[in-house]
Structures are given as structure tokens and as C-alpha cells.
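As a plain string of letters, each chain reads:
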Amino acid sequence: MTQPLVAIEGLSAISTRDGGAPVLRDVSLTLEKGEVRGLVGESGAGKSTIAKALLGILPSTVKVTGGFIRFEGRDLLAMPRRELSDIMGRDITLIPQDPQTALNPARRIEAQLTDGLRLKLGMSKAQAHERALQLLDEVQIRNPERVLNAYPHELSGGMRQRILIASAFALNPKLVVADEPTTALDVTVQKEILRLIRRMQEAHGTAVIFVTHDLGVVAKICDRVTLLYAGKVIEDGATADMLTAPKHIYTSALIAAGPRYDRPNAGLEPVPEAVFRQLRAEIGIAERRV
Amino acid sequence: MAEIVTTTTDAPVPLRSLPMKTIKPLLREPRVVIAGGFLLLLLLIAIFAPYIAPKDPLEQDLMLGNMPPATSAGAEPGYYLGTDDLGRDVLSRVLYGSRIALTVAFVAASLSAIIGTLMGLAAGWYGGWADRIISRLVDIWMAFPPVLLSVLLVAVLGSGLHSVIAAIVIIDWTRFCRVVRAETMAQAQLDYVMAAETIGFSRSHILWREILPNVAPVLIALVSLEMGIAVIVEAILSFVGLSLSSDIPTWGGMIAQGRQMIHQGWWVFVFPLIALFATVLAFNQLGNGLRKALDPVMRR
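In the order they appear, the protein sequences are chains A and B.
Per the working numbering, residue 1 is the first one in the first sequence, and the count goes up by one each step.
Per the working numbering, residue 1001 is the first one in the second sequence, and the count goes up by one each step.
By construction, these hints were calculated from the structure, which means they are not laboratory data.
Backbone N, C-alpha and C fix where the C-beta goes; we use that ideal spot for every residue, glycine too.
Hints may contain errors.
As the list claims (entries may be wrong) - Below are the SDA-like pairs computed for lysine to any residue, each with C-alpha atoms no more than 20 Å apart in a straight line: (1) A/Lys52 with B/Gly1200; (2) A/Lys120 with B/Lys1024; (3) A/Lys120 with B/Ala1053; (4) A/Lys63 with A/Arg108; (5) B/Lys1024 with A/Arg108; (6) A/Lys125 with B/Asp1191; (7) A/Lys52 with B/Asp1191; (8) A/Lys191 with A/Ala203.
Said to hold, decoys possible - With the C-beta cut set under 8 Å, the calculated list includes, among others, these residues of chain A facing chain B: (9) Ile14; (10) Thr16; (11) Gly20; (12) Asp26; (13) Leu55; (14) Leu58; (15) Pro59; (16) Thr61; (17) Val64.
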């Protein structure tokens, strides 16, 4: 049996700002090479905390109280800074959430796209330029020379997100963490971007952790899903199984709460309070965290 | 995957050379062109004052005291803006006065910008103790009335150009510090900073290479505004006689001198005042224009 790419084991963390409130409760999940994993949950469920922990950028207000994150068998949380920064940006990269702010407005696309190539692979300017052109071609941007020479504000949101995707896959990483990459885009662009991520992922054989609160997005792109609530894993399984035959009442309530395109007049069904009551009882928290 | 949409519906990005790309939006902002043009002219006047000024600004001729400007009856030919009570040429003195005004403006504004920016970046980016110490310092500083403090400082440091500049820098670095700190904190929240962190750039690299360029537009605008303030402060100090010895023509000194004899010769008072007013206005307008034109998001 081969070892998984990422193995999170019993990860727990608290927020030092929020009076020591738990943000992750004994989270375990494994990710195989080349797998696309959805990380789903409402705000504060801990999905972003897991993503940040994987990227080594946990804010100082979050303290890990237990557990491991193993990346190819090595514990990321116990790793010396130097080794960690070798992995970050090379083996593990990020597709950020908001293409409006994820590119530095004062720097040209070329400089930003080649940062990683030059820092991590030590490419020369000319080599990095060639690679950047290739990458832009891969994410289907026409006029790559012009785009490289442009500032972010000269490009549309969809274009910028393509550049961020190109940048994330630039170094052939083993894991890409996509932090709600389609939330800030409109629906038609969203679809293209999802296809693009999937295609890039397949072409590079990269594993993707896809953080989202949108089950529709999960259904389109993810092989497996992990559903979180209040920092705890509620359900974990193959996407198709989970969406068609959910095991947990919260999962089915969430699926029912989504918009139904076949019945547009049915209205939206909120997750019943009884479900939250049961969740809180299972996890062992008194108040619903808002 | 099924069919893949290969079109991106974006207009082609125009290819322009680097300097034009930076300068062009500035030239489209009328305030920058007009105010900048005026200040450039003033700078040339200051540099070439000895060649432009019709008379020696210090040369006294008591026989020609209080002569009115050239448009009035009884004007003395060659003295276009009249003379003061000692018979010195007002035009030449106003022209020479620009030297002190601009020297103070450039040196004091640059120094306070450098000190304030370094403090503001440290406070805004590193936070923690650095932020607490610097912010308290700024709070204490702001509690002093600035004009009183500058008068006090020059009184302690002794009069002279260096003291005037030092007084302005000591007082006004806080202005830069506050703005740069706030702007740095705002920039630090944006995703591009997080993206740079995940690539593995060091904290200081991110500060200088990623954040500072985005703080720069506000900073440049603020430097321009600060230059206007420095000109005013210098004039105030000259006015109360704390700036430079009276044998160096300054606008503030001329205003102080003209005020005493405003009924005999308004021109001694009014012309340096106009020069001061126009200069400060130009710096302020340039600052506001630059702020708009340099904003990378508003840049089109």
C-alpha cells in the first residue's frame, strides 16, 4: 500500500482570540495523489483553517493543540521553517479566493507569474518568460505576450483567475489548495474556471483541495468530499455517494437546502434548527457558533 | 472533460512602453499638469534667480524707498513690483524668496516622509510591540499644537535653515507614519500578500517589494501636500522672526515686514503673500491630482 499524499490525523486547534474556542476538533482526513477533495462547510466550519494549515500560513490567533499533518509522510507542523518553505510554493501551492485582490496591483503579470519559477527553480528571466508563455497558453489565454506585460487592473476577473491558476500549477506542485476560487466570479465564468482547474489537475496529476461552501461546485469537480461543521468532520466520502445517499442528517438537510433548478418556485428550504441541535449535541457544544 | 471553451472574451491589452504608461495617466489629470507646471517654473526661477532677478535683492537705496509697482503713477522704471521701505526691489526679493521656500519644502518633506514611512511600515507590517510603541509615540506627538511646537523647537535649536527643517521634520513625520501604517495594514489583508507568503518570500521581501509599491501612490501625494505645509510653516517661522536672518529674503519675512507698513505700501505685503498662496495651492492640487492619477486601481 502506498502512503497517501496528505494525511491529517486528529488535528485540533483553538482560537486564542476567541477565548480558546475550538476551531478544529480532531479532524482526520487523507488525500491520495491526484485526488480532488472538496472541503465543504458553512463559515467558521474550519475549512479555511485546514487550508491555511496545509499552506503553513495559520494566523497567529490560531493555535494547534494536537494532531499531525503529514505530507508525503513528513509532519508539516513540526518541520523546521527552512524545510517548510522549500515545500511551500513548490509542492503545495494556492489558488486564492478573490482574483480582484490576489494579484498585486502595482506589479506586472509577468513578474508575479514568474516569482515562483525564479525563486524556487532558479530560472533565468528568459527561461521564466518562456515558461510563463507556455503556462498562459495552457490556461487558454490568447495574446500571452500582451497579458504578461499588463497590470492586473487591465484584465477581467476571469482572466485574472486563469493567471492565478497558471501560477498555482507553474511548478508542477503535488498539491494545490483552491480557496473558494470561483466565489467571486459570475456563474458562466465559474463553469469555465472549474473545467480549467479540473483539466490542469488531470494534466499535471496534481491533488487538489477544493475549499467551498457550494455543493453544486463540489458535484462538478470533486472526487471525494469532506463535510465539516464547527471544526468537526461530519461526513466524508465519494462525491456521488454522498450527494445521492447522504449518511448524516446534516448532509441531507444541506442538499435539500440548495436551490432546485427543476422547481424554481419551490423556494429555499433552510436547514432545520433541529438538525443543528442534533449536530451540537453530537459535537458537544452548547451554543451555536455564529 | 467534454468540450472546452477556448475563448476569453477580453479586449486585447494595449501594448505600451513603460515610461509612457506611468506618465500618461498623470498628464490626463489637469491638476497635475497645471500645478506641476507652475511648480516646475518656480523651481527654475529658484535655481536661476540670480540671472532672472532684475536687481540685487539686498541692495538698498534709501532714495527709492516705498516706490509703487509699475502700473501705478509715480513708479520708478525698472522696479516692476515696487520697492520696500529700504528701497529694495520687491520682485527680486519675491523671486529669491522661492529659493528658501522650495529648499525647505523639498528637504523637510523628503526627510519627514522617509522617517514617517519607515516607522509606519514597521508599525503596520510587524505589529505587536513595534506598533504599540510607535503608535503611542504618534499619539503623544499629535497632542502638541504643531505651530507652538515648531516655534519652541526653533527657539531651542536656534534660528537658521537647518533648525527650520529639523523642526518641520520632527513635527510632521507623524503625518506620514499614521497614513503609511493604516495603508500597510489595509494592504496586508489583501490576498496578494497571502499569495506571496505561500510562495515563500520573506516578510521583509513582501514588505518592500509587494506592499511598498502599493503604498507609494498615497505616499507621493502626501509628500506633495507636506511640501505645501512646509512652505507655510517656514513662512510662519519667518513671520515671527525665527527662521533666517533678515538679510536672506524669505516670503514670510517679507510679509512680516510689509505688514508693518501696509498703509504706506501694500505691495510689499501682497506680492510675497500671492507667491506663498500660489505655491501652497499648487502643492496641494498636485498632491490631490497625483493621488487620483497614481492609484493603480483608478488608473485607466
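Hints, verified against the model:
For the given pair, A/Lys52 sits about 14 Å from B/Gly1200 by alpha-carbon distance, which is consistent with the 20 Å threshold. Of the pairs offered as hints, the one joining A/Lys120 and B/Lys1024 is violated, with about 36 Å between alpha carbons and a cut-off of 20 Å exceeded. About 61 Å separates the Cα atoms of A/Lys120 and B/Ala1053, which puts this hinted pair outside 20 Å; it is violated. Proposed proximity of A/Lys63 and A/Arg108 is contradicted: the alpha carbons are some 36 Å apart, above 20 Å.
For the hint pairing B/Lys1024 with A/Arg108, the CA-to-CA distance comes to about 17 Å; that is within 20 Å, so the pair holds. Note on A/Lys125 and B/Asp1191: the hinted pairing is violated, with a Cα-Cα distance of about 25 Å set against a maximum of 20 Å. The hinted pair formed by A/Lys52 and B/Asp1191 meets the criterion: a straight-line CA distance of about 13 Å does not exceed 20 Å. Proposed proximity of A/Lys191 and A/Ala203 is supported: the alpha carbons are some 18 Å apart, at most 20 Å.
Interface hint status for A/Ile14: violated, as the beta-carbon distance to the closest one in chain B is roughly 20 Å, over 8 Å. Taking 8 Å as the C-beta cut-off, the interface hint given for A/Thr16 is violated, the closest approach to chain B being about 14 Å. Annotation: A/Gly20 was flagged as interfacial toward chain B, and the flag is violated, the nearest CB pair being 20 Å apart, outside 8 Å. Taking 8 Å as the C-beta cut-off, the interface hint given for A/Asp26 is violated, the closest approach to chain B being about 26 Å.
Here the hint on A/Leu55 is kept, as its CB sits about 5 Å from the closest CB of chain B, short of 8 Å. Because the beta carbon of A/Leu58 sits about 11 Å from the nearest beta carbon in chain B, more than 8 Å, this interface hint is broken. Annotation: A/Pro59 was flagged as interfacial toward chain B, and the flag is violated, the nearest CB pair being 10 Å apart, outside 8 Å. Hint status for A/Thr61: violated, given a least beta-carbon distance of 12 Å to chain B, over 8 Å.
For A/Val64, the interface hint is violated, since its Cβ never comes within 8 Å of a Cβ in chain B; the closest pair sits about 18 Å apart.
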